[in-house]
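Student: So the sequence shown is numbered by this note's numbering: it starts at 191 and just counts up by one.
Hints should not be assumed to be uniformly reliable.
Cβ-Cβ distance ranges computed for the label pairs, FRET-style [said to hold, decoys possible]: (1) P256 with P792: 50 to 60 Å; (2) A482 with A650: 54 to 64 Å; (3) G595 with G239: 37 to 47 Å.
The set of hints was computed from the structure by calculation and includes no laboratory data. Every residue gets a Cβ at the ideal spot worked out from N, C-alpha and C, and that includes glycine.
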Amino acid sequence: MLRPLLVASLALLAAAPLVGAGDVDARLRRMLDTAEAAPGCCLRADAGGRPWVAVTIEGDASTVAPAVAAAGGRVRGAIADRFVTADVPLAAVPALARRADVRHVKAGVRLRLLADLANLPGGTGTRGPDQVALPPPHASDHPAVARAGAGAGVAVALVDTGVDVFHPDLRHPDGSTRVLAYWDQTDRAAGRGPAGFGYGREYTRADLDRALAGARALAPSARDTSGHGTHVLGTIAGNGRAAAGPPYAAHQFTGAAPRADLIVVKFDFDGPRNDTSHLLDAVAYCLRAAGARPCVVNLSLGADLGPHDGSTLEERALDALTGPGRIVVCAAGNAARPGPAGQAPRRAAVDRLHGQGRLAPGRASEVEVTLVRDAPGAARGEFALLDVWYPGDAACDVQVVAPDGTVHADPRWRTGAGGARRVTRHGVVHVYNGGDPLGWGAANGDHELYVELAAAPDAALAAGRWRVRLTGRPGSAAGDYHGWHALSAGLQRSTLRYDGARTDDRMTVGIPATGRRMIAVGAYATRTAWDTGRGAVAGYDLSASPTLVGDLAPFSSRGPSRDGRTLPHVAAPGVGVVSCLSRDARAAFPLDPAAVSPVIGPRADPPYVVLQGTSMSAPSCAGVVALALALDPSLTPEDVATLLFATARVDAYVTGSLFASDPRRAAPNDDWGAGKLDAPGLLEAAWARRRTPVAAGR
191 MLRPLLVASL ALLAAAPLVG AGDVDARLRR MLDTAEAAPG CCLRADAGGR PWVAVTIEGD
251 ASTVAPAVAA AGGRVRGAIA DRFVTADVPL AAVPALARRA DVRHVKAGVR LRLLADLANL
311 PGGTGTRGPD QVALPPPHAS DHPAVARAGA GAGVAVALVD TGVDVFHPDL RHPDGSTRVL
371 AYWDQTDRAA GRGPAGFGYG REYTRADLDR ALAGARALAP SARDTSGHGT HVLGTIAGNG
431 RAAAGPPYAA HQFTGAAPRA DLIVVKFDFD GPRNDTSHLL DAVAYCLRAA GARPCVVNLS
491 LGADLGPHDG STLEERALDA LTGPGRIVVC AAGNAARPGP AGQAPRRAAV DRLHGQGRLA
551 PGRASEVEVT LVRDAPGAAR GEFALLDVWY PGDAACDVQV VAPDGTVHAD PRWRTGAGGA
611 RRVTRHGVVH VYNGGDPLGW GAANGDHELY VELAAAPDAA LAAGRWRVRL TGRPGSAAGD
671 YHGWHALSAG LQRSTLRYDG ARTDDRMTVG IPATGRRMIA VGAYATRTAW DTGRGAVAGY
731 DLSASPTLVG DLAPFSSRGP SRDGRTLPHV AAPGVGVVSC LSRDARAAFP LDPAAVSPVI
791 GPRADPPYVV LQGTSMSAPS CAGVVALALA LDPSLTPEDV ATLLFATARV DAYVTGSLFA
851 SDPRRAAPND DWGAGKLDAP GLLEAAWARR RTPVAAGR
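Work out the full structure, taking the sequences as your base and the hints as a guide.
Tutor: In structure tokens form, the structure reads like this:
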């Protein structure tokens, strides 16, 4: 809870008018206007009780950074001389945004991991034991793989839940660490962060080797108690040194680039630093720590709200960090649901994420949100949030119709008028209807309509059918609008309709995977069963989700991007992936081999675990990209995307997946991208490219 002094400070801020505020995103406008943290954002208090917010600022870094300091804020980093990450007093935001050298100020948005433990529950294996001994997605004896030297000389990096530096697969044969640098952003100790960032705690390779030798201890916060990060890093670059035990005693669970150097940032998923501005710090650190080595950064995390066209400030900043030998690979997301052809829904309680409608002058289009509570009674902090994007030459008036038919309207809700909140007996209605040239969060020239229905401090949010009515203004252009939603936990059984139509799985590739220079990776199944070691096969309960080996994972997010690009770029193994288990996460995973995420190996010391999600498919691709960088360190993100599209495997699943909305279609398509990742094919193409003389003027 916010302390009383902070509450009083926020109340004074809320009372101040925002007239003249510059280009700030909708959530930041909402926080300035309401004196509350918006869903997915954080406000924190300093020692004096002042509210602070983490932001990314687009502008001239040479002048913006001193301005932040003068306003009492703290600069954390600068990217490409035009993006600044900072912590600033909330009250200082309007003045910063009004500066001529500031183009945009955006609040950091929370991110989540993209493992999907709920999708495929454990049960009796329904496939034969031939599926338990499948090779990894790379063919280690292929000449193209051997030529890449197992990734030696390349750095692979991840921003995740940390790493178990004691895991044998992440150490050299002599027992020393393979981790070049480890930044724990969750550590609250002062003065131990990396140079230029000033928060968290940095461990050098020498620090980690001393810890492995027992000469020093890592801080408790540095442990990977989730296990996600260690699993992801093992998939990219584990060297298979751990003993899996029977029935896998003769098998090595190796990653794609087992000789690559490693860089890790532990992200603050459960704390106040979980936001996109701190993600930018993390990726910048990884690339700096790589030094002269080519580097691929894996991001098995994401968020669902935004324009989905690569134009967000954070995505443009990430794009600016990439270049020759600097590649960022992103999980596409787990936002899809199985198709409509009589298939059981993945989670009956969760509606599909994307919807669209049509704006036209004089026409009223409605987004219906039917709020249903999972349990009787209302919870504090309930909310339903719509993030709608529509063309910059269109304009609309907005009304919100409560479940009892009461129409709520405000002249400030029309396009370009700014927006405001209204406290009603049905709940608090927040409407911010973008009108500035940046669309309040993106350089796409479009408008953003932010609608939040929230419980009041002393009143519940009304359940039932709410309608958000968009009426095109006379003289404005017609065009399609697209929307995505977020619901608080107790409202997950709610449903949505756009212009009377159900929501769908299109345009569900998340952010930052929609970035223009990001490599987005979907997931398909390579394992749905495994040997228990006791003469039986266990696996996923496929009765509710008929996943087939070789087919697209039912959860894998679908494209295209809102600006029409084919996404994801490619699909990689993401169901039943065996990789490293952090020793500090063993309590989170069952010993039962028929569980959804079983451990593999000796009971007392299991080194591996089975997981699924695009969190698991992205590192398969990242490891192969690391091998490609070993062959050609000059590869750019565009080069990698071209190679993926040129070499991906296309089979009957790619052209006719069980989960495709269009059961027969050509590749590339919006479910698979170019098709299935083909490591040998991509590496052969990368080698041929390196040996081909570069044409003049290229």
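Student: Does the Cβ pair G595, G239 satisfy 37 to 47 Å?
Tutor: At 43 Å between Cβs, range holds.
Student: At the C-beta level, are P256 and P792 separated by a distance inside 50 to 60 Å?
Tutor: holds (58 Å)
Student: For the pair A482 and A650, does the Cβ-Cβ distance stay inside 54 to 64 Å?
Tutor: With Cβ atoms ~59 Å apart, the hint holds.
Violated hints for the displayed structure: none, as all numbered hints are satisfied.
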